[in-house]
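Positions 366 to 739 (the numbering used here) are the ones given, in order, by the sequence shown.
Take every hint as true, because none was put in to throw you off.
Mimicking BS3-like on lysine-lysine, the simulated pairs with C-alpha atoms at most 25 Å apart in a straight line are:
1) LYS721 with LYS734
2) LYS644 with LYS606
3) LYS609 with LYS454
4) LYS530 with LYS606
5) LYS700 with LYS609
6) LYS644 with LYS609
7) LYS454 with LYS469
8) LYS644 with LYS454
9) LYS530 with LYS474
10) LYS569 with LYS644
11) LYS530 with LYS469
12) LYS606 with LYS700
13) LYS469 with LYS606
14) LYS469 with LYS644
15) LYS454 with LYS530
16) LYS656 with LYS644
17) LYS656 with LYS569
18) LYS454 with LYS606
The following label-pair restraints were derived from C-beta to C-beta distances:
19) GLU503 with THR652: 30 to 36 Å
20) CYS682 with GLY438: 52 to 58 Å
21) PRO492 with GLU686: 49 to 55 Å
22) ARG495 with TYR612: 43 to 49 Å
23) TYR612 with HIS725: 47 to 53 Å
It should be emphasised that the hints constitute simulated quantities derived from the structure, not laboratory data. All values reported here derive from a predicted model rather than from experimental measurement. Where a beta carbon is used, it is the ideal one built from N, C-alpha and C, also for glycine.
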Amino acid sequence: MVEHRLRKNGWLSMHVRLKGVKRVRKRLADGTIRLYHYDRATMTPIAGTPGTSEFAASQAEAGRAKAQTRSAGTVEWLIRQYRQSGVWKRLAASTREIGNLNLKAVEEKWGAMPIEALTIVPRPGVPSARTLLLDWHEGLAETHPRAADAKLSAFNGVLAWAVDKGHIPRNPIGTFTRAYRANRADLIWLPENIASFESVASPKMHLAMMLALHTGQRQGDLLTLPWSAYDGEAITLRQGKTRKLVYVPTTAALQVALASAPRRSPTILTMASGRPWLKRHFHTIWTETVKAAGIADDLHFHDLRGTAVTMLAEAGCTVPEIATITGHSQAHAQKILDRYLARTRTRTLARSAIAKLEDHRRTRQMETKTETGA
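Hey, can you work out the whole structure from these sequences and the hints?
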């Protein structure tokens with residue numbers, strides 16, 4: 366009877382086409398026949414009826430368990446365990462997305478390596494796991510240094526977690542020399558850069574610029590910032606990367622910009638259609654606007670965060686005050702100031718020096734005219 370009902374609803378025929386699923390019919394004590402489903406490789410029971418979301422979820426879970434069993438004792442297994450850990454789940458969604466890409470590359474290269482090989486001391490003439498991993502990193506860095514650093518850093522995080530959990534006795538990577546060295550100490554948005562950008566920016570891009578400069582928040586947090594976070598006087602948000610709750614009183618200029626912005630979506634920043642920005646699309650439009658503005662410096666949206674820190678410092682804000690607004694630690698905020706203020710202060714001092722020189726020349730000219738009676 367049960368089988369007849371399944372066939373009538375199309376579930377039984379759907380089940381037949383499912384790969385890796387074993388069907389078992391059992392007679393119950395009352396004489397009725399019940400149909401059960403199992404993962405064929407592990408005989409793990411699959412809950413629900415074929416064609417339902419419950420069945421699909423249970424089958425996927427059985428598949429994950431099968432993959433874990435198949436890869437037990439290898440680097441692939443270690444990475445899969447890490448992805449199920451609380452450490453991984455507490456990361457921001459954007460961080461997990463990037464991490465998945467980097468760890469996938471690690472799995473493809475080193476997934477089959479036994480866990481024991483990570484820390485054993487090989488016989489003379491045989492490279493250790495650390496040597497192999499650093500050589501791999503060096504090879505990748507010849508063409509893509511930044512990507513090479515990201516992949517090895519992602520694996521380094523897995524290994525550090527594995528040490529804490531007792532899976533391995535020590536981390537074979539630990540510290541390593543990074544191939545990519547970015548020095549953005551000189552790259553902040555100067556007033557002339559901002560003016561050039563605003564002269565060609567659409568209202569959507571102008572509002573994004575205002576929010577970044579006047580709040581010091583990350584692009585990811587601003588693209589998802591809802592109107593409900595703004596009460597007319599301040600913006601309150603929980604940062605996606607650090608999970609810090611920050612309270613940012615808004616400037617008069619930002620209040621005017623927000624008051625004139627259309628509310629076509631729950632989020633403040635939207636595309637022309639009124640839908641929230643896709644990160645890649647926003648990056649494209651922002652880059653096009655920077656190019657149209659004729660800004661020659663290699664300025665990124667993220668540099669607005671450092672620019673906001675310098676603006677707050679030049680306005681007389683203390684490091685603790687700046688850190689409270691931007692969400693940085695005080696140590697990190699001070700580090701930013703040490704790096705970024707050099708350029709603005711250098712220009713200010715240079716202008717001051719030239720102004721004094723011109724004043725001195727005018728004074729000398731006046732004295733000369735007085736002495737000669739000219």
